[in-house]
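Below are the chains, spelled out letter by letter.
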Amino acid sequence: MPATVTLTGLGKNFGTMAALSGVTATLAAGQITGLVGPDGAGKTTLLRLIAGLLTPDSGTLEVLGHAAENRDAVRGEIGYMPQRFGLYEDLTVQENLDLQADLHDLDRATRRERFETLLQFTGLAPFTGRLAGQLSGGMKQKLGLACALLPRPKLMLLDEPSAGVDPASRRELWRIVRTMAGTGVAIVWSTAYLDEAERCDSFLLLDRGRLLASGSPSDFTRQLEGRTFLAELPEGQRHRIQRGVAALPPIADATIQGRSLRLVLKAQSALPDLTDVMGNSATTRPTRPRFEDAFVSLLQADRPPIAAPPVQEALTRSADGIAIEARDLTRDFGRFRAVDKVSFSVKPGEIFGLLGPNGAGKSTTFRMLCGLLAPSAGSAHVAGVDLGRARATARERIGYMSQKFSLYGNLSVRDNLDFFSGVYGLAGRRRSSRIAWTIESFDLESVVNLEAGSLPLGFKQRLALGCALLHEPQVLFLDEPTSGVDPLMRREFWSRIGGLAEGGVTVLVTSHFMEEAEYCDRLGIVYAGRMIASGSPDAMKQRFVTAELPEPTLEDAFVGLIREHDAGGQDAAAA
Amino acid sequence: MTSARTFFRRFGGLLHKEFVQIVRDPSSIAIALVMPVVLLLLIGFGISLDARNVRFGIVDENRSVETAGLFQAFANTPYFRPFSFLTSKAAEAALMRGDIEGFVVLRSDFSRRVADPIRAADIAIVVNGVDANNARIVTGYAQGVVATWLLGHRRDRAQPAVSPVTVENRYWFNPEIRSTNFIVPGLIAMVMTMIGALLTALVVAREWERGTMEAMLASPASMTEILLGKLVAYFVLGLGGLAVSVFIGLVVFEVPFRGSAEVLIAISSVFLIVSLAMGLLISTVARSQFVAAQLAFLVTFMPALILSGLMFDIESMPRWVQAVTTVFPARYFVSSLQTLFLAGTVWPVLLPNLAMLMGFAVLFLALAIARTHRSLE
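Taken in order, these protein sequences are the chains called A and B. The opening position of the first sequence corresponds to residue 2 in our numbering, with each subsequent residue numbered one higher. The opening position of the second sequence corresponds to residue 602 in our numbering, with each subsequent residue numbered one higher.
These are computed hints drawn from the structure, not numbers from a lab. There may be inaccurate statements among the hints.
[Said to hold, decoys possible] Here are the computed distance ranges between Cβ atoms for each label pair:
1) A:G77 x B:L899: 37 to 43 Å
2) B:F609 x A:A74: 48 to 54 Å
3) B:M824 x A:P457: 33 to 39 Å
4) B:V833 x A:R390: 55 to 61 Å
5) B:M824 x A:D40: 52 to 58 Å
Glycine included, C-beta positions come from ideal geometry on N, C-alpha and C.
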């Protein structure tokens, strides 16, 4: 197959930091190449280099037969979709397409024909008059794609096209892109979702600017053939058991996956006897290795092992009964109903996930439960307090960690801890003992005098969690805590969260990230402002087991639920 | 090579996009057309550098017909509200309390001296100098009142005005000495700075923030075309702002316009290009709207307000500050505007200003083009 892009020892620095170094690879026409890696791995930098938006500092780069210096010649043959799709939100769908057509100098007849095909292809035909800013995430993504496709490029660069988009739209997008690849276009698809890598024809796995692995995903996962198992977890104490199993010498990786424990063995190891840790009921069965398993074993070989996080003693007296209760929670913004009668309850010590695409109403629900936003109707109780009456009291019992960490980047770690303990009203001995506890149990001693902004992501994450826990909250709110984080860091983080939950802390997580959802005891699926289903991850998957799909993923379940919901809506409309 | 047709299609597309965005985005319209109105009305009415009804003390140690006449002369002008004091001490105390802005002292031999055709009458004027500008104006007005009164007084007495030289003030170009007449034309420079520099820097920064710039740069459109599209669109918007400002100046503030409209449009266009180029230059440094706004205020808006001669007379600034003002284009435009409105098409004033503005236009445009490359670095 002809090479469309050839990279040789490619490197790029920003200041003194190497964003990318020594990347050598070729990308073939007619293939989907997955550019995989956590945030900060260098995915966007590599795409921008290929798109000609950055110039390399070392190595060479040849795109469609032209060297980097001679890029203008092929600019019209590259389709590029940046993150957030690069659309003009105050232009309509048609105006966005017109602009692209003008930029690529398409004549009247050509553009009429291509508009028709693309609008058909993406299902946007009924929405040409709508402002791009008013489209749903999935529709924006399709419009972004249509704009990039308009000049019939030979090379398509897609920067995290599926981030935050609902799984149904994500599948739709894959279908479109797969069709494009069939016409001979070379496609580069960057993603932080590791499960997407498995669908690509080939992949480049980046970590901290270096190319860790490349090739075909099936070859990559095949190395782990015979080393992956699922063990059934007994009710309760899932996190304690997970820690116990992970500590066994032959085990490379043990992660909670709903009711099961996913095990990856180290090379040349046999499955150990699990009855000591899991009890007699332990039943294991082999399972197909996943991309993530291979990535994790690679990272473990590459990095010093992370010390197992200390088990945290019970933080709070667990409140009896119900820790979080939302009843018919509703929120309107003008004429738009962002959240529509959402009801659920969470028991103390439970990890509950609100799962849904961007714009589904997760964050609005979340803000109402944190007391940051007043509901238009309905009520919310958190840690025994009615948010409608005593928001301030409720906030004292809530810990909050946002995706952006909300740390003061130019303050030191200690200053941040001092500041947040003051904000939460800690004083005197309690304050100093809580700060000492945080530094010790989150292993922050070595960085305590460094600026928080200069810390590696893993430390930032720990510090942010530490700050949220300073005042010993009964309920912990996490807003997409591990999206874009590498799998090892995610494991470390969730192992801490598991420890906290066992100590009686109730955890509420929002996420659009299926992998995060697997760690939850129960899930509520939020879609178009409503909670369309709730239950344990396994129960949800169970509903969609079919002959063709004996082991449905959570995403399969999600897509199925959305389909049922949409069909139900149509039935109701028809009736 | 890009053919002309390709260029026009591409550029037409970009231009169309800019105009659609301007029309749909209320904040652009607000800055370009509503802001000038607010700014003109607020500053035009709010800031008047004229002295009116100044509370002024007259220390009358003479208590004569003459001093009573002079008191009346002060009372008859719209500028002063006189208060009589018997001693300097009492007047000083009143000044300290802030009851009066200043006072004159008429000595006990005032009437004798006024009658003396040879010797002039000595009058002491004491003014609160905290606000130096105001103090200068009050002093000037007070001198004027005294001089006018003296002249009239001697004429009435059929005394020949013997004092060998009498100064008679005549204020050219602005006979009523209305400060609105020179502030309002100057404000047009501020409006143009706002539209040109601030708005342009903001909209470019917004494209960076929203990621649309990245998408544009990856397309065949060149950076020059993208920026040219912005330049043309906001140039048109700027001329709209000019029209609004001139209309308000002429109709609401009744500022005279003595120059030629063509020259006004020509010079404004050149200044607008300077402003736009500054805006583009700022946008090459600032990729967030916050930074863009701050920079634009600091390097374009504030100098246009303070160092342009709009508010404060450049001639009366310290030498080194005068030197600083020469690097800010606004001063050349303010001077041209004031000339066009109040004096007429005076080429000896306008030509050097126009030349400077053109120089700035070329310089800033060249810098802006040199600093923008098709790259995200």
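For this session: Would you pick out the hints that fail for this structure and give their numbers low to high?
Result: 2, 5
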